[in-house]
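Number of protein chains: 2
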Amino acid sequence: MSEVGAAQVLAISGGIGGAKLALGLYRVLGADELIVVANTGDDFEHLGLHVSPDVDTLMYTFAGINNRRTGWGREDETWTFMDALGQLGGETWFRLGDGDLATNVERTRRLKSGESLTGVTQDFTSRLGIHARLVPMTDDPVRTMVETIDGQRSFQHYFVKESCVPAVVAFRFDGAQSARLNPVFLEALNNPGLRVVVICPSNPFISIDPILAVPGVRNALIEWHGPVVAVSPIIGGRSIKGPTAKMMNELGLPATAGAVATHYGELIDGFVLDTTDSSQANNVEIPTLCTNTLMKNLEDRETLARDVLNFAEQLRQESGVV
Amino acid sequence: MSEVGAAQVLAISGGIGGAKLALGLYRVLGADELIVVANTGDDFEHLGLHVSPDVDTLMYTFAGINNRRTGWGREDETWTFMDALGQLGGETWFRLGDGDLATNVERTRRLKSGESLTGVTQDFTSRLGIHARLVPMTDDPVRTMVETIDGQRSFQHYFVKESCVPAVVAFRFDGAQSARLNPVFLEALNNPGLRVVVICPSNPFISIDPILAVPGVRNALIEWHGPVVAVSPIIGGRSIKGPTAKMMNELGLPATAGAVATHYGELIDGFVLDTTDSSQANNVEIPTLCTNTLMKNLEDRETLARDVLNFAEQLRQESGVV
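Chains as they are written, first to last, in this note's numbering: chain A, 1 to 322; chain B, 323 to 644.
Treat the hints as calculated values from the structure; they're not laboratory data.
Incorrect hints may appear among the rest.
Said to hold, decoys possible - Calculated pairs, DSS-like style, for lysine-lysine (alpha carbon to alpha carbon, straight line, at most 27 Å):
#1 A:Lys112 x B:Lys568
#2 B:Lys563 x B:Lys434
#3 A:Lys296 x A:Lys241
#4 B:Lys434 x A:Lys112
#5 B:Lys483 x B:Lys563
#6 B:Lys434 x A:Lys161
Unchecked claim - Here are the simulated distance ranges between beta carbons:
#7 B:Lys563 x A:Lys296: 55 to 61 Å
#8 A:Ser113 x B:Gln639: 46 to 52 Å
#9 A:Ala170 x B:Arg449: 36 to 42 Å
#10 A:Asp76 x B:Lys563: 32 to 38 Å
#11 A:Leu128 x B:Lys563: 37 to 43 Å
#12 A:Ala31 x B:Ser476: 41 to 47 Å
All values reported here derive from a predicted model rather than from experimental measurement.
Every residue gets a Cβ at the ideal spot worked out from N, C-alpha and C, and that includes glycine.
I would like the entire structure built from these sequences, with the hints used as guidance.
Have a look at this one:
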């Protein structure tokens, strides 16, 4: 199990996009040096099970058992459950593989027996041999609601069932205001050994904003003495995976790296964007790093992780917090 | 959906052994002519799921998707869930295949949403194209408890986890006294078209007795004007499948077909035993039919079903209830 005291890096991440950089950080850092706070705004109850997609994507990714083709779920997966469920008239729009189902069934059983999502996740990651600490942003239910031009939907309804087709108007994070921030987050920030907070290249609106909506997160990040560095999920006006660019267009924002930096505003002390977008750097009022942020393979992930860490060290030196 | 009014045969059955004859009856009878009341004494909550083994064995058998090798579960099954569950430290002693899991997850979800086990089973069987009515003995929880020389166990603990090793002393059916009998049972008996009640060759102690323990069953069978025919699960002093003979030895009973007839006593009007056991027929005070009761293939199942139905017709004629 990872100790908070040894952590040098605190990463904030959603699922697929963010997990790529989180994996890079995981691989270049030593044991217990990484803490990842995961979005749970897209958790939901489905088939009577507590589904926690971002936590699981990060967990499977660190354990090396993630499905590289889909970006979610497990490798070497089978789909007998979904086929049989369809035969019995069950809902099949949200695909749960047979192995993935074990995570969801066992988590649900343990949550119902009184354990916390943090506790169950810690045990699962430990059993899977993961040497980083992975925690949900909160153990309380937060549910992302999507207001679209066709009306309001729960997140997975919008994201999976409707494939993000209806144009978005706004997002709401039900339960966030009364959610208790995972204490590991503040413990990590209070640890003198922590060197950087990394906001992974996840969708700002549906992966990072739910975390920022939990009371205490924004202030803690602003007040923390060290550098908070965000990595742009937008490269050349497009999102590599997922609907980030589409959403920005629908929200009336330019789909640019610069607009992502503006979105995070005073929260961040440094911004990492792709060399393709170097012209955008001029529009960003904080220090920037232009580098290759397109992570096609494992080497790319590790290289970007090192770039981000070096950039953060540079920011520390410049601000005198070394 | 099968209508009670069309039913000519009411079968009482547990899982594996009983399902063989139940399938024979299903195949030789026309649509809606068979009603099967299934044991739910070995139902249990496992992994947060409502598992109903006998109902499912009968359902899969009628649908032709049962696993012929194991006698339980589904054919063409995969086991990715169990493997992944083991990785996460979950309990793996009760084997739930990936397809079987769909039945259990969807049933649990629907039961929690307020549907009855009868209702869910009716919908599942209808979706699987089954043209018989399959009902649990009750929608209320009845749990078979096994008193052994090593102490008391819940049924699946004894049956699966301990492979029936500890010698049995007695059985208890927790909840049976307050369980409400499935109304389909009495409706079927009150239907003037019903010609026979068949007690399938299931284990009398753990598959049939739980059904008989539900208030109203014994009296209704005794008072019913038509023939109640039981088929012996013991052939030549051995149980073909399962621990029936072992249990009879442990309970101090002779492991014979005759002892099974004695166990049912006044409940039955006719008894079917294997030709191997023809000498036993002399010890049985009610009419008997000696025939081949060892069901190795589908033809055997259908032949025995026809033999049982013909025997019942003969009993009806002899007693003048035709």
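Verification of the supplied hints:
Pair hint lysine 112 of chain A plus lysine 568 of chain B does not hold up; C-alpha atoms about 39 Å apart against a cutoff of 27 Å. Our distance criterion of 27 Å between C-alpha atoms is broken by lysine 563 of chain B and lysine 434 of chain B, whose separation comes to about 34 Å. Between lysine 296 of chain A and lysine 241 of chain A, the direct Cα distance comes to roughly 12 Å. Compliance with the 27 Å bound is thereby established for this hinted pair. Between lysine 434 of chain B and lysine 112 of chain A, the direct Cα distance comes to roughly 14 Å. Compliance with the 27 Å bound is thereby established for this hinted pair.
With a CA separation close to 17 Å, the supplied pair lysine 483 of chain B and lysine 563 of chain B stays within the 27 Å bound. In summary, the hint linking lysine 434 of chain B to lysine 161 of chain A is supported, as the alpha carbons are separated by about 23 Å, within the 27 Å threshold. Separation of lysine 563 of chain B from lysine 296 of chain A is about 56 Å and conforms to the stated range, judged on CB atoms against 55 to 61 Å. Checked against the hint of 46 to 52 Å, the pair serine 113 of chain A and glutamine 639 of chain B fails, with Cβ atoms roughly 59 Å apart.
For the hinted restraint 36 to 42 Å between alanine 170 of chain A and arginine 449 of chain B, the CB-CB distance of approximately 40 Å keeps it satisfied. A hinted range of 32 to 38 Å for the beta carbons of aspartate 76 of chain A and lysine 563 of chain B is consistent with their spacing of about 34 Å. Distance hint check: the CB atoms of leucine 128 of chain A and lysine 563 of chain B are about 39 Å apart, consistent with the given range 37 to 43 Å. The beta-carbon spacing between alanine 31 of chain A and serine 476 of chain B, approximately 42 Å, falls within the hinted interval of 41 to 47 Å.
When each numbered hint is compared with the structure, violations occur for hints 1, 2 and 8.
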